[in-house]
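Using the sequences plus the hints, can you model the full thing?
2 protein chains.
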Amino acid sequence: MVFHRHRHHRRRFVLVRTGTLALFACLLPCVATPTFADDAPQPNIIFILADDLGWADIGYHDSEVRTPHLDRLAHDGTRLNQHYVYPTCSPTRVALLSGRFPSRFGVLGPLGSTTKMLGEDARLTHGLRQLGYRTHISGKWHIGETPEHRPLGYGFDTSYGYLRGQIDPYTHRYKFGDHVTWHRDDQFVEECGHVTDLITDEAIRVIESAGQEPFFLYVAHHSPHYPLNEPPKWIAPYEQTIDDVWRRHFAAAITHLDDGVGQIVRALERTGLRDKTLIVFSSDNGGQQNWSAPETEYNGRYAAHTTLGNNQPLRGWKGDLYEGGIRVPAFVNWPGHIPAGHVFETPMHVVDWLPTLIRAAGGDLPPGESVEGVDLWTMLLGQSSTLPDRAMYWKTRAATAVRQGDWKLIQFHRSGRTELFHLKDDPLEETDLADRQPGKVAELSALLKAMAVHDQ
Amino acid sequence: MVFHRHRHHRRRFVLVRTGTLALFACLLPCVATPTFADDAPQPNIIFILADDLGWADIGYHDSEVRTPHLDRLAHDGTRLNQHYVYPTCSPTRVALLSGRFPSRFGVLGPLGSTTKMLGEDARLTHGLRQLGYRTHISGKWHIGETPEHRPLGYGFDTSYGYLRGQIDPYTHRYKFGDHVTWHRDDQFVEECGHVTDLITDEAIRVIESAGQEPFFLYVAHHSPHYPLNEPPKWIAPYEQTIDDVWRRHFAAAITHLDDGVGQIVRALERTGLRDKTLIVFSSDNGGQQNWSAPETEYNGRYAAHTTLGNNQPLRGWKGDLYEGGIRVPAFVNWPGHIPAGHVFETPMHVVDWLPTLIRAAGGDLPPGESVEGVDLWTMLLGQSSTLPDRAMYWKTRAATAVRQGDWKLIQFHRSGRTELFHLKDDPLEETDLADRQPGKVAELSALLKAMAVHDQ
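Protein chains in written order, with this note's numbering: chain E, 1 to 456; chain S, 1 to 456.
One or more hints might be untrue.
What the hints assert, rightly or not - Computed from the model, here is a short list of chain E residues facing chain S with C-beta under 8 angstroms:
{"no.": "1", "residue": "Y170"}
{"no.": "2", "residue": "T171"}
{"no.": "3", "residue": "V189"}
{"no.": "4", "residue": "C192"}
{"no.": "5", "residue": "T241"}
{"no.": "6", "residue": "P294"}
{"no.": "7", "residue": "E295"}
To be verified - Take a look, some chain S residues computed to stay more than 12 angstroms from chain E by CB distance:
{"no.": "8", "residue": "K233"}
{"no.": "9", "residue": "H305"}
{"no.": "10", "residue": "Q456"}
Just so you know, the hints here were simulated from the structure itself, not pulled from any lab data. Every residue gets a Cβ at the ideal spot worked out from N, C-alpha and C, and that includes glycine.
In structure tokens, the structure reads:
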């Protein structure tokens, strides 16, 4: 089994779920090292993930929040108008790295210190590494905290940021008991500065120290997740335009993130890497309505955050399987390769990034159980318009859902209620068609059952 | 008029209220530079001022708050058991630097961006400078913010910290609209880190860069003033011992400050300056009960601080002219000079520091209107026990008070009520003797009236 990138004749890039990949990489570095071809450039890949950014929380979605750098990248690239993720943090992150529905690992919501997703399951990073990429994470991990569940065991060459699901922007501690979670290369460190700046600064370090190999850089921002404590320079521009103090903080957090994205773009330009770099941006889930700031979190020092995200006009909030919880702002940008000014209407799911990015990096993946997303690379390049035959699947602790074509079915665990929506006709999910379309309900219920077979 | 320090024959060190001092220092540097005598060492002076530290908020006052470094300094020095300040921030600071009751400048409470105390009124710093001292402030100023009311115009050679009355510990901004106030040498700067650490670090820089001249270093801490956002390492030790979350934060803030004091002492030891340095410690006013965290402050991001200081067993809170508002933890320490293990019971007032420290620095002051404190230096050295004939005077927006001997009279402006306490018999001010002692009331009322003559 030889791992290298395709040139004219694509070699199979086989992903296995055991530890043998790492073994191979260690014992056979010459074999595992890909060769490069001038005619098929391997882009650097920067995947920027915002935390809790809602549909209407980005400038180009007609928001009061100003995101000029993101807007520019989206405008100069392709907007992903139906980009789906999971309704909470960890499942989206597990899906991104594994290319599998996170319920396969029993991940139905935010993770604690451990996970059943193992290091070898992070097929995105392992796969890119085998294609010659250096792999880096700056920011939020949220796939475990015990030593065996930290990024370096999941295919990252370097890691930096925080391991748990949220932190105080300045003390960098997790909510319960101000738990230590900030780290460099999986080892806890103390640092000074606002989390958004630190994550941006590390991303720039990665870009500026890039060698000859292409890199994969996962920039997983804290912003605009609570608790919010934004430097005043980001709040001030909203003082005249946003009355609600918490919405103002939230907007400030996003514009702060946006500025970091601008700095990343400038670093790419400065180092001559701009045209060699594919940028993907997404939120990890829909916006959250508010946060009650219980005294058990952050030692009670924050006031209740009474207004946070905005998913308008979509229905629902973070945690929901309605569109507002899982359909989020996203785009892809690669000058000269990804069409500019395009809006991609093909429904796309976070599990698609594994096959899509492996393909972008010049690799190839076998179809089948081990890959649950579909490769949309040629579609994103504008070279193909064939809609993939696929179903999207979500499972949370409260509900399961499936989307196939324009239909979406949600089954709520506690009530047993089933809801059916036709997303093309009713993107705001105002009309539950379950009673009127029993045949479609039966069909999608059976599909949902089939999708669930491999869940833990 | 020659300004230099006394040796055997003390020369008069005349303080005037016009700008001529500065002129003199510029035009006649050789004349103004003091000469040094080996037999009368000029100590470095470090004046550490805590913000809102209550009577029972320091370890050696049988507190649950741990202050090992302060306790050690107090134990190895002389505790000032009846040390009086003003019941709010600015008046104490004005009194310290001017040696005058702050109502002389119309300062009755916290200052805004300006003050009527002029640069030349800061006779402590100007005086020490003329005795050959380098003068430095690290921390809170709160005597004005407009360029003409910043520390460099008040006799400081270097300045660092914040100009307004309080700040967010991490963003270093003032409460209203997150106003910029952090500066170096009176120019606004952006910096990274917790305010307590930054103030300590600057103090250590001053110590480590001290030249041959003695220095006066005013370390005006933010701690334990709200808003509180303490690094977890300072909170953790109190998790088992203090149930109330805000009292825990408050204790953490104090222990954080205490650690900074420990670092300052180590810097003195490292540089061989420990035995050449007089350390004074005080709070600026009594403890505050709580803070409601209105949305108009810090953009509403802090939760209400429901429990803060503790002035037990004294009566009253910050803002009051009862003992809890104005009698605060304080001590003085100078190895080999100030008696160790001594408790100084002579009532001492913040205006006394000007004549006392000028004397400690080898200077001399004329008595009279321009100096309202008394020189307690030889008493502090244990060389004299003559009780000074003096009255202490307070004026706030709500009340005026005078203490003479063991008697204290408070007159409340709004109600017109007068209260009289005998502090020796009734230090907790439980028994108002005004009705029973009309003669004493008349006597102290007349004294109060006389004290007020020079108020603005």
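How the hints compare with the structure:
1. For Y170 of chain E, the interface hint holds, since its Cβ comes within 8 angstroms of a Cβ in chain S; the closest pair sits about 4 angstroms apart.
2. Proximity of T171 of chain E to chain S holds as hinted, the smallest CB-CB distance being about 6 angstroms (cut-off 8 angstroms).
3. Interface restraint check for V189 of chain E: the shortest CB-CB distance to chain S comes to about 14 angstroms, outside 8 angstroms, so the restraint is violated.
4. The beta carbon of C192 of chain E is positioned within 8 angstroms of a beta carbon in chain S (closest approach about 5 angstroms), and the interface hint is therefore held.
5. Taking 8 angstroms as the C-beta contact cut-off toward chain S, the hint placing T241 of chain E at the interface is violated, the least distance being around 15 angstroms.
6. Violation of the interface hint for P294 of chain E is found here, the shortest Cβ-Cβ separation to chain S being roughly 10 angstroms, above the 8 angstroms cut-off.
7. Contact between E295 of chain E and chain S, as hinted, is supported at the beta carbon level, the nearest pair being about 6 angstroms apart and thus within 8 angstroms.
8. The claim that K233 of chain S is not at the interface with chain E is violated, since a C-beta of that chain comes within 12 angstroms of its own (minimum 9 angstroms).
9. Not every beta carbon of chain E lies more than 12 angstroms from that of H305 of chain S, the smallest distance being close to 8 angstroms; the non-interface claim is violated.
10. Taking the minimum C-beta to C-beta distance to chain E, about 34 angstroms, the non-interface status of Q456 of chain S holds against the 12 angstroms cut.
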